[in-house]
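We have chain A already, so just place chain B with the ligands on it with the hints.
So you can see what is in the structure, the chains are spelled out below.
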Amino acid sequence: MPRRDDLDSILLIGSGPIVIGQACEFDYSGTQACRVLREEGYRVILANSNPATIMTDPDFADVTYVEPLDAATLTRIIERERPDALLPTLGGQTALNLAMDLVELGVLDRYGVELIGANAEAIATAEDRERFKEAMVGIGLDVPASGTAHTIEEARAVVADIGLPVIIRPAYILGGKGTGIASTPEEFERVATAGLDASPITEILIESSIAGWKEFEVEVMRDRADNCVIVCSIENVDPMGVHTGDSITVAPIQTLTDVEYQKMRDAAFACMRRVGVETGGSNVQFAIDPTNGDMVIIEMNPRVSRSSALASKATGFPIAKIAAKLAVGYTLDEIPNDITKATPASFEPTIDYVVTKVPRWAFEKFPETPSLLGTQMQAVGEVMAIGRTFCESVQKALRSLELGRLGLNADPGETATDDLSDADLLAAAAVGTPDRLFQLEAALRRGMSVDEVAAATKVDPWFLDQLSRITEERAHLERVGFEHMTRRDWRRAKRLGFADAQLAYLWGLDEAAVRAARVEAGVIPTYKTVDTCGAEFAADTPYHYSTYEDSTEVAADPRGKVIILGSGPNRIGQGIEFDYCCVHASFALHDAGYATVMVNCNPETVSTDYDTSDRLYFEPVTLEDVANVIDAEQAASPPGTPGVVGVIVALGGQTPLKLAGQLPADLVLGTSPASIDAAEDREHWNALCTKLEIPQPAGGTATNIDEARAIVAGISYPALVRPSYVLGGRAMEIVYDDEHLASAIEELASFGAIGADGGIAPDRPVLIDEFLEDATEVDVDALRDRTGAFLIGGVMEHVEEAGVHSGDSACAIPPYSLGDGTVQVIEEYTAKIADALGVEGLINVQYAVQHRDSGDEVFVIEANPRASRTVPFVAKATGVPLAKVATRVMAGATLAELRDEGLLTDPVTGYVAVKEAVLPFNRFPGADRVLGPEMHSTGEVMGVDTSFGIAFAKSQIAAGDPLPDAGCVFISLADRDKNIGVTAAAQFAGLGFRIAATAGTAAALRAAGVPVAVEVAKLGEEGGPHAVELIEAGEVQLVVNSPRGRGPRADGDYIRSAAGVAHIPILTTAAAALAAARGMTEWSSRELVVRNLQEIHAP
Amino acid sequence: MNDVYESLLVLSDGTSFEGEAVGAVPDGGIAGGEVVFNTVLSGYQEVLTDPSYAGQIVTFTYPHIGNYGTNADDDESRRPFARGVIVRELSRRMSNWRATESLDAFLERRGVPGIAGVDTRRLTRHIRDAGSLPGVFGIVDDRFDGHVSESALREAAAIEPGTDGLDLVAEVTTQQPYVVAATGAGTRRIVAYDFGIKSTILTNLTRLGTVEVVPASTPAAEVLAREPDGVFLSNGPGDPERTGLVDTVAGLLGELPVFGICLGHQLMGLALGGRITKLPFGHHGGNHPVKNLTTGIIEITSQNHSFAIAEGSLTRAEVTHVNLNDGVIEGIRSSDAPAFSVQHHPEAGPGPRDSAYLFDDFEHLMKGNAA
Ligand SMILES: Nc1ncnc2c1ncn2[C@@H]1O[C@H](COP(=O)(O)OP(=O)(O)O)[C@@H](O)[C@H]1O
Ligand SMILES: Nc1ncnc2c1ncn2[C@@H]1O[C@H](COP(=O)(O)OP(=O)(O)O)[C@@H](O)[C@H]1O
Ligand SMILES: [Mg+2]
Ligand SMILES: [Mg+2]
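These protein sequence lines map, in sequence, to chains A and B.
Sequential numbering from 1 applies to the first sequence in our numbering.
Sequential numbering from 1100 applies to the second sequence in our numbering.
This is chain A alone, in the form it adopts within the complex:
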């Protein structure tokens, strides 16, 4: 069955901002889908509010709407574009839920839009857990005993029936939000209530818990002709009870006989057919009782999922791309297998290596939340590693995480378990936490038996035995000693995945010495190919991984090669924005005639798609692994050819940047490692600013508390304390007094020098600055080429004032309140700094502007001569392909040349673009929602329109907290915020809102003639209701609450979490309140207009 010709245009919905449980894997799948559908000649209409995605680049779709993903906006887009079909299965749960809304609202019927990929019936059957279970029982599959409830009373009835322990799971949610296991009646009450709240249709499934069983996943594809194939099978190392997204998982399944595997395969197909997913990819989860093989089905996701991205990278079978082709009518046998070219896609990939995925968490940023893993996903990112054995792949994965760990222990980090008694260690390992794997190895190293550990932790003995091979090898290496290593010894160690750095640690040597001796012994990595077929057919796609075998498969290539270092796992502070930059670099350099070589280890990204670059090395981004790739590529360059002409380190965030100094300096393209350091090195930076006569906040560096005190003596409190070489304001704090300063320094010291980032040590001084209060923060992205030509990419005025991390604050292009004079000063400063640092490529500079009667005073906060988080936003807002231009500049082109070439264009005018951050607080119970200098957001959205107010309002809707149009605003402000607050309040009142305020704020408002309807008492005090009561009673529609300093858990803290739970928008700064007031005012007077980037960028 060929392509459907009855369709012309297809609407694709993206997954919106990066949130926990829904990360850039959906940019990967969406991007693939856009490509395919356009190749097939369809008109692609894309809607996605996330400006940091590749898919929202104007050239990936015919029309691209960076607009809020809600039914109202989508309806407007459909009204305007009249698509023939809607493809909802590639934008995660967001797209699926939106599609369902549009069906229920009758929008699709009204405009004759056909749902392709999965129909409403199928989606409902899979997503509604009750219906799903009935369906599965109907086809003879087992499911855990369960019942559904819509109220807490119903819930109690169910549990009376099936008994504890139970797991509670809301319908229509992703990433296990609101899911949990309850073993006691108390736990049950709590989890059930949270679950009902989390479900958009207040429905929960209560299920008897089978925590401890083995957990598996299979990725299924089905076409219109009912052909089904399994693309990949996955086994979880963590048993049932830890969300798959938080589990260490391995492909393929390791511990099932073929008989059991085929049973699972048949069940997966039966499930797919019963649910009725007509075409595309789905993911089916199973659990097996390790004692008797009983198998139950857990769930199926009728769409491309996080696991699909993993499965695609693990096998080389591009699920999203093929799902898109199936959706438009092709059958699997009509689609060629990209990798072999010779064979069709209607087969089941087989692999000859082991893939391990390890999640990366962000608990360190939410100290109030215990770092426990359960049925609700907490991971913010993940790494994948490929090795010929499990040992090799798991060690590669662990060093890919960039948590300062070199592998499975055998590194300084291993001391963490030293003080635990055997019993405590085993108890710790029995609970799912980020440290479990390291604890398991430690337990085995202490001589506990595999069976003992397996019994306590429910981790399968096969995996534990593999870990113990690493343990035994370590002992062997220590016994043999560096001097007596034979070729076979080196080879065995490397085959078990040991990094040179681990060996160096074991022998007390430095890494370079180990590497030299190993190479001397003739033991160097070979590169094998991911080819979907276990080498049965010739592969023509250079998708490689390293391993220590006999023969290597890297093909010779005469072109000059540029190696692009990716940004590793997503984490808070370093996310999709950097992958965007790396991918653009690859595209730009390929177009310029280079062979591009990507090195990265993040399976969710577009950068690790095998057809993004000329060559892909799925490898950890560590010194050893990168140096190996450079050697391999040099070796694969025929004599007389340019070979590796450069390495790009400036686009992948801190990950590659950390390596810059250690790579051959002549290979680092663009700004030299020296000047990158210069910008980070405080002394040097101060000197530079003084020389350039650019004011900066007073301050200095300290390596201990006494030095810190000395500095603060010079400047006044509040002061800002922050470690050097960190991203995302890691461990940054505003301190208001001596005692607070001491505690901050203490905390940093506790990281030790080996902390993933931050820490305090003689070689890692802490920076202490005067904290600039009430200052407007401004971000600038700019470009400078080797001839000194300079270009401003964008000047972004932040909504929240300085003190809120740039990554967490909303910001606007162009500045919406700063005077032209101030902007000009900022641009001049930026140019001077770029010159002084000899920047070749991108630079990001941050400023704080204090408004004095004498006029604005501009302070520079920091400069980073590298790609920043805001590059994609700037590109979308201005229409200038900043990352591509920067890459070419790094490779030696001048701005003038690029202008002539047509790559560098003029920025668009007449629009305001607002970026808003999206925060993960509801995932972290107990975490205070206050914004500060440490970044907490996982993603961002963009709102664009002709005025700041509307653009801001759009950004709020897109971020999921639409501003109310009527009701009551609760206001409680710190004194320093009161004047701005009053202005905002006046406008709220003007819009007909009732105002509730705390005593102090109320007084200030009344004094300024703003009516206050309700005066709110302090918590626990008499005199009127208090805020939490009002919020819980649903009498408040918007909360404006700026924190008063730090100290004991203040009222505001409770107020903010109450609002969070009630899903009421919270503005924690007066500036944001003012922006909101403007937005609501304009919103009330104008109706929503949607615009696509193509028309916005049109000259």
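Quick caveat, the hints were computed from the structure, so don't treat them as lab data.
All values derive from a computational prediction rather than experimental measurement.
Just so you know, not all the hints are guaranteed correct.
Computed cross-link-like contacts, SDA-like style, restricted to lysine to any residue with a CA-CA straight-line distance of at most 20 Å [unchecked claim]:
#1 A:177 with A:1061
#2 A:341 with B:1425
#3 A:691 with A:846
#4 A:341 with A:610
#5 A:263 with B:1196
#6 A:263 with B:1435
#7 A:458 with B:1198
#8 A:177 with A:691
#9 A:458 with B:1197
#10 A:458 with B:1196
#11 A:658 with A:832
#12 A:263 with B:1198
#13 A:832 with A:672
#14 A:263 with A:292
#15 A:263 with B:1171
#16 A:691 with A:710
#17 A:341 with B:1171
#18 A:1018 with A:1030
#19 A:341 with B:1426
#20 A:263 with B:1423
#21 A:263 with B:1197
#22 B:1466 with B:1437
#23 B:1466 with B:1435
One-sided excerpt, in silico: chain A residues whose CB lies under 10 Å from chain B [to be verified]:
#24 5
#25 255
#26 261
#27 278
#28 352
#29 387
#30 388
#31 454
#32 464
#33 492
#34 523
#35 526
#36 534
#37 536
Over the 12 Å line for every Cβ pair with chain B, so calculated as not near, a few chain A residues [to be verified]:
#38 58
#39 114
#40 194
Using N, Cα and C, we set each Cβ at its ideal position, and we do this for glycine too.
For chain B with the ligands alone, kept in the frame of chain A given last:
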């Protein structure tokens, strides 16, 4: 680690591979046979006990073999027939609720020598390019008494015949006829020729009725005299043209319903006027797409054959199934007789069960014939 002995694999073209000894010690220190590869991710026990592997040394492309041990139920025949096994990693710890013996112990007890630690991907690519070829391996570690020299291995490799000229069917077939009782409501009487029959095939046939298994040498007349409802031609090792069984099959066609699998399929092809070709490196895996030309549906199939019916060579049969990877004929139906056969393995064991319907087709054929 000192009980690990260095082993060496040498192919007839002189290519060699380092490894470590596992399983049984080869008789005379040297194991030899035709080196083939199999790409299944699970099912090593079924593969090693499949009589079709007689005379062959099996390389598993998936690196971790032995993870779930072995058990009494998953054998495909009375003993392993493979001459040896080549793996990247042999698990020392098994984990599965059904496991009763580790693969290493199983190989040792069943007398199958093995070599582990081999760059099996390099070997597979070599076979893919050079074609499957004879090879030998043995323990070269001088710490092991009874070790062999590298030169001895090289000489042995140069003269190793692999499977050429062997009548392997005679080696694997049952000596005596035997009866397997029906397991279901099925009332058919089926005679199954054992050319190296797999137990999963018997499991599928006994659902249809009672199965009388007879030696390969049983004359057609004798089988017809038993007046069964249908005859089954099993899988088996080696070159069909060397078995001298074509006439037997020819003697059955047209007389009563016949169903053949793998070698049985090739023999039917020969009997229906086809020719046989040897594939460069055969089909050995569990993931090959086969298109059923009648329904248009694609079946993911279990495959294990080095020979195939030559395209366009059939005179008295039509092609019913083709392999989508390389167009090889996977299934045929006689134009005049109630007979059909497939090259792949509908019984799976190991592999997908997408083609299991073919046994029902056999039942229909017998029913139609009875009516
Ligand atoms: N009955 C159960 N008992 C114990 N753990 C369970 C049970 N059902 C699910 N889980 C755990 O909860 C996790 C999330 O459940 P799942 O149905 O996959 O929800 P989601 O839609 O969030 O993926 C699973 O990965 C599994 O580890
Ligand atoms: N001296 C200061 N006064 C006020 N706010 C500051 C000062 N220095 C930094 N900040 C705030 O802290 C945030 C993080 O600081 P920054 O140096 O940008 O860290 P990062 O390198 O993680 O971006 C900034 O975005 C800004 O809001
Ligand atoms: Mg799940
Ligand atoms: Mg910053």
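| said: Flag every earlier hint the structure violates by its number, smallest first. | reply: Of the numbered hints, 6, 8, 11, 16, 17, 20, 24, 27 and 34 do not hold.
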